[in-house]
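Take these sequences, add in the hints, and give me the full structure.
There are 2 protein chains.
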Amino acid sequence: MQSYGLTIDKFLDHAAKWFHDSAIVGAEAGQVVTRSDYAGLRARSNRMSGALAALGMKEGDRVATLAWNTPHHLELYYAAMGIGLVCHTLNPRLTAAHLAAMIDEAEDRVLAVAADLAPLARELAGMCRSIEHIVVLDALAADGDALGAGRAQVWTYEALLEIHGAETEWGAFDENAPAGLCYTSGTTGSPKGVVYTHRSNYLHTLRALQADAFALTARDVLLLAVPMFHANGWGLPFAAPAAGTQLVLPGRTIDGPSLAHLIRDEGVTIAVGVQTVWLALADHVEATGIALPSLKRVVIGGSTCPDALIKRLEEKLGAEVQTSWGMTELSPVGTIAAPGSADPARGSGRPPMGLDLKLTDADGRTLPEQRGVQGHLKVKGASVLDRYFRAESDALDAEGYFDTGDLATIDAAGNLTIGGRSKDLIKSGGEWINPNEIETIVGTHPAVRHVAVIGRVDAKWGERPVLIVESEGKADARSLLDLLRGKVADWWIPDRVAEIAAMPLAASGKIDKNRLRADYEAGKIPAVAMGR
Amino acid sequence: MQSYGLTIDKFLDHAAKWFHDSAIVGAEAGQVVTRSDYAGLRARSNRMSGALAALGMKEGDRVATLAWNTPHHLELYYAAMGIGLVCHTLNPRLTAAHLAAMIDEAEDRVLAVAADLAPLARELAGMCRSIEHIVVLDALAADGDALGAGRAQVWTYEALLEIHGAETEWGAFDENAPAGLCYTSGTTGSPKGVVYTHRSNYLHTLRALQADAFALTARDVLLLAVPMFHANGWGLPFAAPAAGTQLVLPGRTIDGPSLAHLIRDEGVTIAVGVQTVWLALADHVEATGIALPSLKRVVIGGSTCPDALIKRLEEKLGAEVQTSWGMTELSPVGTIAAPGSADPARGSGRPPMGLDLKLTDADGRTLPEQRGVQGHLKVKGASVLDRYFRAESDALDAEGYFDTGDLATIDAAGNLTIGGRSKDLIKSGGEWINPNEIETIVGTHPAVRHVAVIGRVDAKWGERPVLIVESEGKADARSLLDLLRGKVADWWIPDRVAEIAAMPLAASGKIDKNRLRADYEAGKIPAVAMGR
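Sequence lines, in order, name chains E and Z.
According to my numbering, the first sequence is numbered sequentially starting from 45.
According to my numbering, the second sequence is numbered sequentially starting from 45.
Since the hints were derived computationally from the structure, they do not count as laboratory data.
Each hint should be verified, as a subset may be incorrect.
Cut-off 25 Å, straight-line C-alpha distance, at most; resulting in silico cross-link-like pairs (DSS-like, lysine-lysine) [as the list claims (entries may be wrong)]: (1) Z:K424 x E:K61; (2) Z:K467 x E:K340; (3) Z:K467 x Z:K554; (4) Z:K402 x Z:K424; (5) E:K424 x E:K471; (6) Z:K402 x E:K61; (7) E:K471 x E:K402; (8) E:K236 x E:K424; (9) Z:K554 x Z:K568; (10) E:K236 x E:K554; (11) Z:K568 x Z:K504; (12) E:K424 x Z:K61; (13) E:K402 x Z:K236; (14) E:K504 x E:K467; (15) Z:K360 x Z:K340.
The structure is reproduced here in structure tokens:
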């Protein structure tokens, strides 16, 4: 059989050849601002490769992006990856100090930045010696002129393309070459870089396109409301052109009204994002009565979605909800509920072909029974991390599995349900308490906005759970603990309760338990002692 | 990213873990004879690997099969490939001499044979020195006792499994290791071996599973009516477990009544085979009124299916017809019409992601315009042949493309239509005549059963077309030629016409033009000269 490298430039080549006139729509605040197609996108991306080469970028060099979901950002993905550069997506919601640390470690030479983030880019250019060029996206050619940024040369994207753009050969490198770099959000330690290869992205794409996974077709219109800086936008910037699916890129604004208008006006059939986005959309639909007849499916990922919420979304949006689970280290899809499966106990679905899962005990021994019991979730596959960027050793067990750090159960039908982070487990009197179970129960109280359970050091028991809530003031500590009685073992019930004004959230939107633990130990979170 | 070999044993492992109780049904003459599931199939296949190893089979050794679509045959696929043996599928409809030549070239050490083909296997064992063991499938353990076969030792499958079966590690080899061997049908030359690798089969499977291709899901029940000796049964023995799809294996008999009963009784949702099979099914449905409510899709391949026939099938079967085009050298899927595309001009559909197509002129130069013109079809991809088995050089052009030998057009929407074999083109007065176009027109005559146009040597023009028909006697030569007037250029109209009693067919069911040309040159086909 032919030697044929699995490189991701082939996705855009395929789209440009077979779905040349499928639309790529760029929007801002719910209004369409650009309209192109795969042939146009491919031509521009390919010319931008030439421009990057003209800046002196060489195979393996890193191009950082600090940008929203726009056609310029998508063009840069392919412009960089097509010639073997590494596209390093940065999360604009991190602090300048965090971003600078990542840029320094990655030694990014080019920083492409959304126009509205230009001040941040200027700050970063002052902090990071590696940055030689700043490319301002989503702006007119003239807009960049006013920008000064220390040592770095500043271009607008369009000016750079006009001056240095040139047709360039794509894909002339090994399929194991790096293609992307993305740092984990760091809720459980300092951020770590995950390097994607062309092969891993290519195989992830084919995995994701299966009829029981994303199931994209050439007749679909996909709204990408998950940021392209989160694990390659869940791989959809690759999957959409591979399937010839039309793309709607909503820009920075992904509030309910903006997305509702885009879905209605562009005939979106599949929408992908985190649950808070879809809740806001459902609220807007409810408040305004706007009809979204084209919408068939909403894919949710990023956190476990309670059944009641799924029902509410399906009712309000008139579309099927597909739950999923993944992580940056998995490229990112782990499991997904099949379209049309309509299983009320779907959990986060099953792994589409190409990923092996196993559950182990705390010592890494494979559990003899893999169904109906909770265990530590380990994964293996062609799109799964082996070693973090710049790390000195692999993050794998003896059998080559990566430890997700998650606790999970798998039901008889094979559906996965995540049951919290293993690092958050609390060891009390030699036995484990799972804070996730306590949080889920307390979270049902109508006045509770956010809930977290952390472990505190205890002289007698080793650790004891502390319940921390952000509420609307109507939840007294006693009534919260009463919710737990009969549902968890008595000794699981927290004996300290704290009310805080605002729960600390990480850039990913998840609760930052590291911060909570540090603040608690420093005495910054006063807790009330409660008898059981 | 992890090093993770793309080996096909992973498909059955996946099915056994996530779809352990999905049914595998074996049938004969429309009656179910065995009922198992993926967990059972995996366990037996894996133990059969141990048995093959016990016979002394080593990585890279060939196991030949001469068998129908049965669970035993499927078990052998995985038993062989799982430990790096090469599964060489033989077509039982070839002559013993042809089969012996293939076995000799492949040096097959084990020959697995359907019980009803045991006499043929005995004959082959006498002819081929490489065969050490004959394994009789689909028979009771005791059935084999009576079989003597020269030097070769004879086992029944069940006895071999019982005596030597043992759990065995799968997949401990490189993804580029050979997995399968299949000879082309040889209508355009002597049969040539195509070697599939694990990587090529794995990637073909993910390609085929896309929502715009076979789109198999875990809720589907697949009837595999394409022989497993034709290019891996179009890859479906890999795709079905990868997607967790239930499988119905119909055995030797694939007539209308047998398939109708299986589809009805087993709730088949997707049925795959050549068009003659579905025509027979439609006839049976029409004659008996049997209802097949579960059937959603019928996938057709192997030859171009006229629109009128597609309409008739869709009406009678109440299912969507998916046309496709492929070849042994392509593993085999090239293009396929997307489910739900309902495009009346769908041709054979588009290539799902993972295959590059181009059209060239007769000299191999890429046509400047790829749409709306006929050209020579070339293909590139990870599941496309580079070199025939035992050949001394690659079968690729300078850009790494394989010449399909087909003429094709691609319409504005990207749909491919095959327009005959380039080798069948006739050069008359320095210009090309495409016999396929003439055949298509003459084939519309109601009395014509088979039609072929071949070139004869002509002193003046170089070559001239000869029209050969097998008819029901009501088609006189003049009326056939009259059909062509105004539809093709005058000089395309054949000036010799022959009527023959039975058109020679190759083992694949296609008209054997090599034979026709040889017989014509030998004077065995008397033709009538006709003035234009």
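Has the given pair, K360 (chain Z) with K340 (chain Z), been kept, meaning a C-alpha gap of at most 25 Å? 12 Å, holds
Take a quick look at whether K402 (chain Z) and K424 (chain Z) sit within 25 Å of each other, Cα to Cα. 9 Å, holds
Run the distance test for K236 (chain E) versus K554 (chain E): straight-line Cα separation, threshold 25 Å. Distance ~17 Å between K236 (chain E) and K554 (chain E) Cα, so the pair holds.
Can you confirm whether the C-alpha distance between K471 (chain E) and K402 (chain E) stays at or below 25 Å? 23 Å, holds
Straight-line Cα separation of K568 (chain Z) and K504 (chain Z) no greater than 25 Å? 23 Å, holds
K424 (chain Z) paired with K61 (chain E) [C-alpha distance capped at 25 Å]: 14 Å, holds
Could you grab the alpha-carbon distance between K402 (chain Z) and K61 (chain E) and see if it respects the 25 Å cut-off? 10 Å, holds
Between the alpha carbons of K424 (chain E) and K61 (chain Z), is the straight-line distance 25 Å or under? 14 Å, holds
Keeping to a limit of 25 Å between CA atoms, is the pair of K402 (chain E) and K236 (chain Z) held or broken? 43 Å, violated
Are the Cα positions of K467 (chain Z) and K340 (chain E) separated by 25 Å at most? 48 Å, violated
Checking one constraint from the list: CA of K554 (chain Z) to CA of K568 (chain Z), max 25 Å. Satisfied? 20 Å, holds
Distance restraint between K236 (chain E) and K424 (chain E), which requires alpha-carbon spacing of 25 Å or less: 19 Å, holds
The structure does not agree with the numbered hints 2, 5 and 13 stated previously, though it agrees with the rest.
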